[in-house]
Structure formats: C-alpha cells, structure tokens
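K.L.:
Here is what each chain is made of, one letter per residue.
There are 2 protein chains.
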Amino acid sequence: MDTVLISEVGPRDGLQSVKSTMPTTHKLAWIDALASAGLREIEIGSFVPARLLPQMADITDLVRHAMTLPSITVMALVPNLRGAETAIATGIQKITIPVSASEAHSQANVRKTCAQMVDEVGRIVNYRNAHAPQVKVEVGMSTAFGCTLQGAVLEDDVVRLAEALAEAGVDEIGLSDTTGMANPAQVRRLFKQVRDAIGDRTGAAHLHNTRGLGLANCLAAYDVGVRTFDSSQGGLGGCPYAPGASGNVVTEDLVFMFEAMGVHTGIDLEMLVAARAILTAGLPGEPLYGMTPDSGLTKGFVYADGRYPLNIQLLSVNGTCA
Amino acid sequence: MDTVLISEVGPRDGLQSVKSTMPTTHKLAWIDALASAGLREIEIGSFVPARLLPQMADITDLVRHAMTLPSITVMALVPNLRGAETAIATGIQKITIPVSASEAHSQANVRKTCAQMVDEVGRIVNYRNAHAPQVKVEVGMSTAFGCTLQGAVLEDDVVRLAEALAEAGVDEIGLSDTTGMANPAQVRRLFKQVRDAIGDRTGAAHLHNTRGLGLANCLAAYDVGVRTFDSSQGGLGGCPYAPGASGNVVTEDLVFMFEAMGVHTGIDLEMLVAARAILTAGLPGEPLYGMTPDSGLTKGFVYADGRYPLNIQLLSVNGTCA
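Read top to bottom, the protein sequences are chains E and P. In terms of numbering that gives the first Met the number 0, the first sequence is residues 0 to 321. In terms of numbering that gives the first Met the number 0, the second sequence is residues 0 to 321.
The following block holds chain E by itself, in its conformation from the complex (with noise of 0.2 angstroms):
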C-alpha cells in the first residue's frame, strides 16, 4: 500500500488569497479539526509583517496551539531570513521558502533575483543549523511550470536553480505551479529531472486547477514518484479566473482520487468535509470549491487501508455536513 503526505496550505495559501480575515478563533478550530480529519503536515500560515498581510497576523497564537497536537508537523512559510528567525523562535518544526524559478517573477514578488534568493536560503540554513538544527528547511519553487510574466520557464533553469538550493543544504525542494499553467508531461519530465538531479531532496508538487488539469497534474507527478501534495481544503481562495488567484487543488477531491487508487493519505474524508463547517462560519460567503463533498464518496468505498466509511453521503442535501 502506498502512502502520500497531503499537507494542507488551507490556512496559508488559501487564507492570504481571501479578502476577509478568518477570526483566530476559527482557525484554531480548523487546525484542530484537520488533524482529527488525519491531516499530517499543516500550513498554518506565514511569517510576514502584520502590515503587509494582516490575515497572517495571528500566526504566532496559532504556532502556540498547532504546537501542542502531536500528530502534525506545523509549517509555515517564510520570505526571507527576518522571517525564519522570528518562526524558529516560536519553536515551529518546518519552514517552507518560495523561490521562484521566473526572474521576473523573482523580481516582482521579492524584488530580488534568483541567484539573490539562492543566496538568502542560504543563510537561512545556516541560521537552522546554528541556531536550530531540528527545524525542516522545504524550499517550494515558484512558477516551476511556468510565469505570467514571462511566459515559459526552461526545464534546465529549474533543475539548476534545484542543484543550487540542494547544495545551500535545503531538505527537500518541491516544484509549484504558482500559475496554473503545467501539463501533466510537463509534471512528469520535470520532476524526473529534478529528481535525477537532487534524488531524495525532491520534494512536494504544489498544484493549480486554473485550467481544470490540477488532479491529473497530481497524478502525473505521483506516476514519477512524488509523494507529498500541497492542496487546500474546498480550494480556498483558489478563485482560479481573478487574475494572481491561486486555483489551489482541492484537498476532498484529491484525497478521494489517491483513496480510491489503494493510495493511503490517513485522512478522513466525512471529518474532513465535516470541517467544511468551520469555513463556512469564519469566511461567511466565500466560495468552496470541489466536487466530491456534494457528490459523496462511491457505492461500496473503502479508504485504502481497508477502512469503511460511516456514510457515502458526505453534505445533506441543503449542503451541510450529512
């Protein structure tokens, strides 16, 4: 039986892209409902000034109690160095860095070229090192399949930007499509080179459904060995059409397609649509996406593992929790 690694960006990269701000009550309250769902790895949100993204400003009160449930690794996102300081001092076990692989993107994103970044996740790791060497360094590479602003990205410039990131001593290094624009031969070349490249440091696929390809992408890279996922639950924030929206891969669907493969992901899909609640509550109108919440699992489903389900159906019929 295989197994893949969902981590949840739900709360990080679903909640930035949301215009409202979920109150930290709610959050809270949804951290605690994905780990009973069985979700394994959670980001809960970033290490950027309050200022500049004022959804993120409770991050601190959320390390504090993500902290105190055993069955997660808390994650979360930083852009620079100030920020890993400030997250490794709040005793988090994994930060994630975006680099992009689009200078352009770089630029407009970090104002920062590539090489710079490169560079700036250099010293991050030696801060890890140094100060905190239990800590997880993952690097997610932006627009790995492609920029909006420049268009295509070369293959060879990913793989190099990926030798490089390796030889700065980061963990693991996942490809993200930032801008929706992979194919699934695309996926599958490109983490076969990335992982010629840096073997086991390959890391997640980070992937969009902005032209509807999201889960074939994900199959596409599992079919070349990658075994972790970011997706997020109901899609938040993934408004694929507002120009910059993210298109996030929806976390129910995605867990039902490996499920139903005899994939184990460890999640629960009734609990984890049951979360939906939450959602609902602290992002009052703001739009769920995925199909099988609605749908419900298939006649005669078992989770991988050999588990039944206690009911196919997933939402009563007026869309709350069956």
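Don't read these hints as lab results, they were simulated from the structure. Treat the hints with care, since some could be wrong.
A pair counts as met if it fits within one copy or between any two copies, since identical chains are not told apart.
In silico DSS-like links for lysine-lysine, alpha-carbon gap of 25 angstroms or less [to be verified]:
#, residue 1, residue 2
1, K298, K191
2, K298, K111
3, K93, K135
4, K135, K191
5, K111, K135
6, K111, K93
Please build the complex by placing chain P on the supplied structure of chain E, with the hints as guidance.
P.N.:
Coordinates of chain P only, in the frame set by chain E:
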C-alpha cells in the same frame, strides 16, 4: 505527434440532461460551430421516440444538416434495433449503442439483462451488415467502472461483456463511467484488460467529472492507449450533484490538456469557446462548466501542431467571447 479524437457528446448526452429543449435553429448553429472549431465526431442526438425524449425530437433534421458537413463523422445513439433502423435510414455514418455492464442498471434502464442486450446488439449488427455495411457500430459500455445501484462492477464482467460484443460484430467498444465512480488506477487496469481481450476494437473513454477526477481519468486512459475521448462542451448538462445527472468531462479543458501536452486534437480553442455564445442563447440560464475559457490559454501557448492562438484570452471580462 500523437493524435486523439475528441468525440463531442454535448448535443446528445448534454442536451438530454438539460430540462429545457434547445431550439432546432440553435442546435444547427451549434453543430456548425463545433465542426468549424475542428471537432471531427459529433454525437448529434438519440433515436428515441419523441414522446420519451422531446429534446431529441428534431434528430432527423439534425442528421440531414450534419451530413452536409464533410469534416465530421455524424453519430447518434440508438438504444435498440428499431432506433437503429430509423437511424440507418437517415444515412447517418455511425451509431452508438449503450450496453450496461451492471445487471441492475441494465434492468432499470432498458428492462433487459446484459445478455439480452448483447443479443439486441447482434441483431443491430446483422441489420447493418445487410442494409448499410458502411455504417460504423460502436458500443459504449455504461457503468463499466461502477454502478450507483449495485456498487462495484466486477472487472471480469466488463471484459467478458466486451468479448461478447466483439463476437457479435461491434466495430468498437468503449468504456463509460456513467456514474463518475472511476479512479485512475482502475481506468488503466480496465482498459488494459479490455485491450488484451479485444485488441483494436477497444474504443472510447467516456469519463465523468462527478468527483473531480474527469481529466485525471482521461490522462490514465491515454496512458494505456485510449485515443478517443467523449466530452461535452461546457460540461453541458453536467450538474454532477443532481442524482442521475451526467457530470461530463468539459471539452474545452480536455482539449487544453491534450494540446498543452503536445497531443493533437485538431480543435481550435478560440473558435470552440466562441461557440459558447450559441449555448447561452439556446439554453438561457443553463450553467456551463470548465476552467479554461475563463482562465484563457497560457502565455506562450502553442498548439500541438505548431499553430499559435490569435489571443490567449478566450472570454472577455464579462464572460463573453474575447
């Protein structure tokens, strides 16, 4: 450069799932637009008594017109010998017969056992051989991946049914995920087994997006040699939440996936999306699905055959054609 055939089933599978009836003028315009956009096989309706399916009452007019378009294979669904006789009399080029892999579904749908349907198919093939040997006979095997009535459908049953239909003289036998229960591993297994049994007579993948797995399942089928894919423009009629609704794969997103992968479909996405105007005019209020029309093509997009689009934006900001 690999090539796939997209078989557009919107005018039949889509329209029969929609409550209102599209006016004949719009249907004719739609068929013209589909042909102009490069679709090469169009399922234009069903030969079913008009009192049972009023949406299909104008089928003979549609066939007469469609037969004037040299670039397309004109196909229609026939549920029995009587329908086949009527269809063949119109001069149609291809007929498709739905045969359920699930006994429960067969009884509920046509009040025959699977074996009785195989006999009916044999009679249709014999009639074709005697009266119109140029007409192609296809079977779409419904509920091949699972049934909402009986649950799991044994893979052996699917293979044996395929063999029986090939024995009966059917030209191609495709597998249909009528209930949207398929997963990619199952799709690969089943199409491989069917191809091992009946070889070149292995036909189309008719997959649904009921749980978000439509394109992942199409990719899986492509991986094991399937080269014909049924889909519906705008996922028409594809409200996947309503019990019994179709949840068809969206043609626009499917075409984007293949072309982005370098697989030739022959379809012009700009012209195809422009045809949506006919749908919105002919079926006011009917929701259209799919991501690619709103997101547009990717920056730097090139069709598999080397053509560039005129404009990567497919729809204007207010949802009309760009």
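K.L.:
Hints first: check each against the structure and report whether it holds.
P.N.:
Here's how the hints hold up against the structure:
In this assembly of identical chains, the alpha carbons of K298 and K191 lie at most 25 angstroms apart only when taken from different copies (24 angstroms versus 36 angstroms within one copy). Within a single copy, K298 and K111 get their C-alpha atoms only as close as 52 angstroms, which misses the 25 angstroms cut-off; across copies the closest is 23 angstroms, which meets it. With identical chains, the CA atoms of K93 and K135 are at most 25 angstroms apart within one copy only, with a shortest distance of 5 angstroms there and 60 angstroms across copies. For the identical chains of this complex, K135 and K191 are intra-copy neighbours only, at 23 angstroms inside a copy versus 42 angstroms across copies, given an alpha-carbon limit of 25 angstroms.
With identical chains, the CA atoms of K111 and K135 are at most 25 angstroms apart within one copy only, with a shortest distance of 24 angstroms there and 61 angstroms across copies. Within a single copy, K111 and K93 get their C-alpha atoms as close as 23 angstroms, which meets the 25 angstroms cut-off; across copies the closest is 60 angstroms, which misses it.
Taken one by one, the earlier hints all hold for this structure without exception.
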